[in-house]
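Hey, can you work out the whole structure from these sequences and the hints?
Just so you know, the sequences run in chain order A and B. Numbering-wise (the UniProt record's numbering), the first sequence opens with residue 1 and increments by one. Numbering-wise (the UniProt record's numbering), the second sequence opens with residue 1 and increments by one.
What the hints contain is simulated information worked out from the structure, not anything from laboratory work. Here the structure is a predicted model, which is why all the values come from computation and not from measurement. One should not assume that every hint holds.
The calculated BS3-like cross-link candidates involving lysine-lysine, where the alpha carbons are at most 30 Å apart (straight line), are [said to hold, decoys possible]:
(1) B:69 x A:119
(2) B:63 x A:101
(3) A:478 x A:445
(4) B:167 x A:51
(5) A:119 x B:155
(6) A:48 x B:63
(7) A:83 x B:102
(8) A:101 x B:60
(9) A:51 x B:63
(10) B:109 x A:83
(11) A:48 x B:155
(12) B:69 x A:349
(13) B:63 x A:119
(14) A:781 x A:828
(15) B:69 x A:83
(16) B:60 x A:51
(17) B:60 x A:48
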Amino acid sequence: MATLSLGKDDLPTIKLKSEDDLVVSPFLGIEKGAVLQECRIFNDLHLKLRKCVDALVRLLYLVGQGEKLSSSEATEVFFSITKLFQSNEPTLRRLVYLSIKELAGAADEVIIVTNCLMKDVNSREDMYRANATRVLCRITDSQMVSQIERYLKQEIVDRNPVVASAALVSGQHLLLHNKGDVVRRWISEITQALEHPSPMVQYHALALLYQIRQHDRLAVSKLVQGLARSGIRSAFACCLLIRCILRIIGETSSNENINEYRPFFEFIESCLRHPSDMVVCEAARAIISVPGISREEVKKTVTIVNSHLLRRSSVVRHAALRILNKATYLYPNQQWFDPFDFEDFLHDKNRAITTLAIATVLRGAREQTIEGFLKKIQSKFMELPDEFRVQIVEAVHSLVLKYPNSYYSLLNFLGSSLREEGGFDFKRAVVDAYFSLLNEIPQSKEICLTHLCEFIEDCEHPFLSARILHLLGQEGPKMSQPGKYIRYIYNRIILENAAVRAAAVSSLARFLDENSTSKTRKAIVVLLKQCLHDSDDEVRDRASYFLHQCQRITDEENSLIKIDEGEEPVSSPTTIKEFPHLPYSLPELEGNLVDYLKREDFNEEFNVVNVPKAEKGFEAAEQIPMTSVPVKAEEANMNTDNWGNVSLAPSQVKEMPSWRDSNSRLSEIEELASLGIPLKTSSSVELTEPETEYNVTYVKHTYRQCIVLEFIIVSTLEDQILENVHIITDLSSIEGLQLVKNIPVSLLKYGSPQHAFVVLQRLEGFYPIGDAPCEVRYVVKEMIPSTGEVDERGFDEEYKLEDLSFGISDYMVPLQQSNARFKDIWDKFGSQNEVRETFALSMHQSIPSALNAVRDFLGMTVVEGAQVSPYATQHVSLFGGSLVTEADFILVVCYAEFVKENEAVILNLTVRSEDLNVSELVCSAIA
Amino acid sequence: MLSSIWEQLLSWLKSLFFEQEMELAVLGLQNAGKTTLVNLFATGTFTEDRIPTVGFNLRKVRKGGVTLKVWDLGGQQRFRSMWERYCRGVNVIVFVLDAVDKERFHTAKLELLEILQRPSLANIPLLFLANKSDLPGALVNPQEIIQTFDLKSIKDREVAVYSVSAKNRTNIDTVLRWLIVHNKKPANVNNQMSNGV
Numbered sequence: 001m002a003t004l005s006l007g008k009d010d011l012p013t014i015k016l017k018s019e020d021d022l023v024v025s026p027f028l029g030i031e032k033g034a035v036l037q038e039c040r041i042f043n044d045l046h047l048k049l050r051k052c053v054d055a056l057v058r059l060l061y062l063v064g065q066g067e068k069l070s071s072s073e074a075t076e077v078f079f080s081i082t083k084l085f086q087s088n089e090p091t092l093r094r095l096v097y098l099s100i101k102e103l104a105g106a107a108d109e110v111i112i113v114t115n116c117l118m119k120d121v122n123s124r125e126d127m128y129r130a131n132a133t134r135v136l137c138r139i140t141d142s143q144m145v146s147q148i149e150r151y152l153k154q155e156i157v158d159r160n161p162v163v164a165s166a167a168l169v170s171g172q173h174l175l176l177h178n179k180g181d182v183v184r185r186w187i188s189e190i191t192q193a194l195e196h197p198s199p200m201v202q203y204h205a206l207a208l209l210y211q212i213r214q215h216d217r218l219a220v221s222k223l224v225q226g227l228a229r230s231g232i233r234s235a236f237a238c239c240l241l242i243r244c245i246l247r248i249i250g251e252t253s254s255n256e257n258i259n260e261y262r263p264f265f266e267f268i269e270s271c272l273r274h275p276s277d278m279v280v281c282e283a284a285r286a287i288i289s290v291p292g293i294s295r296e297e298v299k300k301t302v303t304i305v306n307s308h309l310l311r312r313s314s315v316v317r318h319a320a321l322r323i324l325n326k327a328t329y330l331y332p333n334q335q336w337f338d339p340f341d342f343e344d345f346l347h348d349k350n351r352a353i354t355t356l357a358i359a360t361v362l363r364g365a366r367e368q369t370i371e372g373f374l375k376k377i378q379s380k381f382m383e384l385p386d387e388f389r390v391q392i393v394e395a396v397h398s399l400v401l402k403y404p405n406s407y408y409s410l411l412n413f414l415g416s417s418l419r420e421e422g423g424f425d426f427k428r429a430v431v432d433a434y435f436s437l438l439n440e441i442p443q444s445k446e447i448c449l450t451h452l453c454e455f456i457e458d459c460e461h462p463f464l465s466a467r468i469l470h471l472l473g474q475e476g477p478k479m480s481q482p483g484k485y486i487r488y489i490y491n492r493i494i495l496e497n498a499a500v501r502a503a504a505v506s507s508l509a510r511f512l513d514e515n516s517t518s519k520t521r522k523a524i525v526v527l528l529k530q531c532l533h534d535s536d537d538e539v540r541d542r543a544s545y546f547l548h549q550c551q552r553i554t555d556e557e558n559s560l561i562k563i564d565e566g567e568e569p570v571s572s573p574t575t576i577k578e579f580p581h582l583p584y585s586l587p588e589l590e591g592n593l594v595d596y597l598k599r600e601d602f603n604e605e606f607n608v609v610n611v612p613k614a615e616k617g618f619e620a621a622e623q624i625p626m627t628s629v630p631v632k633a634e635e636a637n638m639n640t641d642n643w644g645n646v647s648l649a650p651s652q653v654k655e656m657p658s659w660r661d662s663n664s665r666l667s668e669i670e671e672l673a674s675l676g677i678p679l680k681t682s683s684s685v686e687l688t689e690p691e692t693e694y695n696v697t698y699v700k701h702t703y704r705q706c707i708v709l710e711f712i713i714v715s716t717l718e719d720q721i722l723e724n725v726h727i728i729t730d731l732s733s734i735e736g737l738q739l740v741k742n743i744p745v746s747l748l749k750y751g752s753p754q755h756a757f758v759v760l761q762r763l764e765g766f767y768p769i770g771d772a773p774c775e776v777r778y779v780v781k782e783m784i785p786s787t788g789e790v791d792e793r794g795f796d797e798e799y800k801l802e803d804l805s806f807g808i809s810d811y812m813v814p815l816q817q818s819n820a821r822f823k824d825i826w827d828k829f830g831s832q833n834e835v836r837e838t839f840a841l842s843m844h845q846s847i848p849s850a851l852n853a854v855r856d857f858l859g860m861t862v863v864e865g866a867q868v869s870p871y872a873t874q875h876v877s878l879f880g881g882s883l884v885t886e887a888d889f890i891l892v893v894c895y896a897e898f899v900k901e902n903e904a905v906i907l908n909l910t911v912r913s914e915d916l917n918v919s920e921l922v923c924s925a926i927a
Numbered sequence: 001m002l003s004s005i006w007e008q009l010l011s012w013l014k015s016l017f018f019e020q021e022m023e024l025a026v027l028g029l030q031n032a033g034k035t036t037l038v039n040l041f042a043t044g045t046f047t048e049d050r051i052p053t054v055g056f057n058l059r060k061v062r063k064g065g066v067t068l069k070v071w072d073l074g075g076q077q078r079f080r081s082m083w084e085r086y087c088r089g090v091n092v093i094v095f096v097l098d099a100v101d102k103e104r105f106h107t108a109k110l111e112l113l114e115i116l117q118r119p120s121l122a123n124i125p126l127l128f129l130a131n132k133s134d135l136p137g138a139l140v141n142p143q144e145i146i147q148t149f150d151l152k153s154i155k156d157r158e159v160a161v162y163s164v165s166a167k168n169r170t171n172i173d174t175v176l177r178w179l180i181v182h183n184k185k186p187a188n189v190n191n192q193m194s195n196g197v
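Okay, structure coming up:
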């Protein structure tokens, strides 16, 4: 009822609002299909200009909003746009240019407009010329470039600045996309463009020239020298020049060389007196970052920068502040300014400046002044938006690490910020700071924990609560008064949601360690027993698990007492581990358990031995670094979907049970038992589309000399039985594999899965890689499902399956080495057994997916660098694995560097092993 | 009978008020002289243009009250797959042949048949021009051309064959007249072979 009335009250206000801002986007509700349909009018015999313009604008809006067109859609619409070249209307032509640029990436055969664009490049309209040049360079490919080069070269020296700049910028574009070998031949034209009266052209010419020559240090310094002497008009070019000089200086390390660059340095100094603030700031920034520069120089520069702090433009103020910030960072022991000068900044209307000012002061503050300053900013701090507060919290954090002795006042500051209103990111930053301080400054532990305990009393973020509870479980028992924390934790059990309650139960159980007194122990047992009545499964499960553990420990103690009668009771060395580290792969374990429950035969105990052991690689990847989210390990077991990333995909669960105890099945079959236990079993692969007549999946068991393919076949046809079901594979295209044995299924009935096997022998020294066509052959007999009557006249039938594929991962066993040894192995193999290769993984848009694919492909363990953010642009992982040979294993280690580039991931892979041939084999397998 | 007179009257009236517009797609192997021919249509002068067309050219030509919109398509291998996109909906497909380059007759024939069998281009009349008739050794006899390119086998559209020379302006006016006349009468499928010399 209450909600209903609330809704009624809300209604009029909403209406009012929409009346107030009547400005509705003209693009509201634009939809891809409709726009593509609309674009068909471009093909009409008589063009309706107005409509074409509208359609193009909508298309551009869509693409600009990030709508993805498929290749065929883009090509279709691109070709209809090319027909618009028949109109010479400038507005339309401009939109055509823009659209072609947007579609150039997705559409095929964009080269078709080359001729039309070349015509525009040669036209008299400067607007056409400049724009067409830019588009032309976008759509051209490395073969075509030589055909358009002539025009570009002419344009660079064109009188019109817009045209010249367009050609210069296009040159940069060509270079960036590796189409620009011709650009290197334009040096004389570009040098000529440097003299162009327009500053813009000068800037672009300098940028291009530098881009061409950046790897030739001598050429760059000559260029810089010439320009520094002759002076430059463009402020942008000036800034660019300063950056070039800084790079040259940065590349020379010793002091003598710096003298060699004295004239450059003088140029930068002269820039400090440049009329443009931008150049001054750039110069100042450069000077303070020159390595080994004298204090006087820095001081002089900082004075100039300080004068810019009073400029009206907030951009300049911000830039100046950033330079000061950098100065305090680079020369921390120097006082570059008086903190009290900064009071003005606290009232600056630009919040970014306020934040930066505070962070700068904090960074450069002396120990004595910190407390006073913190008090001063406290009120201002509360007014700032979260993202800025995060920055300040980080500054405070680094300050504590710098002055560990004044942690008390800083922690007070953090504590009060925890009590403030704030979003998740802000709170997390504060909590992160606490976590790190706790480890860095042991004496602060008590206060930190107290602050965090108070925080979870009123925390609306279950994620943070769970993290803190985990920490309390870890640290609490070691503190002087564990009882205090138990109270806080138990409060959570009463008041929070299921995810937090479960975390709290685990945390509570951690207090049952060897140091706990019997009184605490009893108290905890009582508390845990209450949790047995919780409404949530997970909470109850955890509670009963820990109670059971506790019971066991008590029993053991009792028995110990019995044995050592008369002596002091010995405290048991057994402690409750939150969850013992299971050697099983969790999805398999869950699959088995689900299976067990389904059978409903509880007389027989669940046998954990049947669960396949996890591959180490799997675990390494699941391990989560402590610093980021220590509670993840719990989450994985909690099976709540609060955090999205909880362990199991449903499809996995579904198919897992059928692969259960495949090892024991292998040993049941006489022919296979003699092979022993497989070194490795791959994950299962489906060979049929879902919902077809037959479902076939298979796994590969790797042995030293052979591979056993195990197929599970399920028939979904009720009115058939199949006999003599066997798998036929065609190995002709794979060298080094021989069929040894084929074990068919003698009878396959509807719905009951059966196993067929194919044993393949691997010839010595071969590691066969490739795809093998495969089909299943059988004798079909009709059956009437209701009576079970079988028509004895069977007929032969075959059913085509997906190809089987063999890869290097089938011969690779994951490495079981600790991190420390990777480097030793790496050095031991040495560079003589090294193979290095670069791959473009265009199928992968992000580094994590590429990393997982490479790991699966190689079948190796990620020794280091398993975790990577999906937004990372660079990442390094170390892989390790053992290649199976007839008698032994060959150790292989890889150093993989992932770089994200455009839409693809580039992989630089370096492989080392005992044997160069093996390194080459691994490397070539990826290609 | 009456209705056809009525229609003619209507189209005549239309032509008074609206400008007639006609779309052509000119295709053929590279170096057949497509761009040169189109330039000749447009400007009336012969220029020996040796730069290959990268992609396509678009020319608008006014002739005898008709505006010809001409898609002059590049003849290089990589552009041939795109011909079809520009042929859709045109009034006439013009195929230009280098009548001297006998070695590539076979390729030209294959490309022509390939493009004509596209369902989207069914019924569009074909104008087959054997260019460069001024050069010695050129294939100029229309009957021979029809035989070499098996043009009789094209049943689903109107086909016209002319031997032309852009350089000497042989037959150019005839072709233009054919095109203009062709626009005025409604296209009917009767598999007529009109041959010019």
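Hint by hint, here is what the structure shows:
no.	hint	in the structure
1	B:69 x A:119	17 Å, holds
2	B:63 x A:101	36 Å, violated
3	A:478 x A:445	11 Å, holds
4	B:167 x A:51	42 Å, violated
5	A:119 x B:155	39 Å, violated
6	A:48 x B:63	23 Å, holds
7	A:83 x B:102	34 Å, violated
8	A:101 x B:60	26 Å, holds
9	A:51 x B:63	28 Å, holds
10	B:109 x A:83	27 Å, holds
11	A:48 x B:155	36 Å, violated
12	B:69 x A:349	62 Å, violated
13	B:63 x A:119	23 Å, holds
14	A:781 x A:828	62 Å, violated
15	B:69 x A:83	11 Å, holds
16	B:60 x A:51	22 Å, holds
17	B:60 x A:48	17 Å, holds
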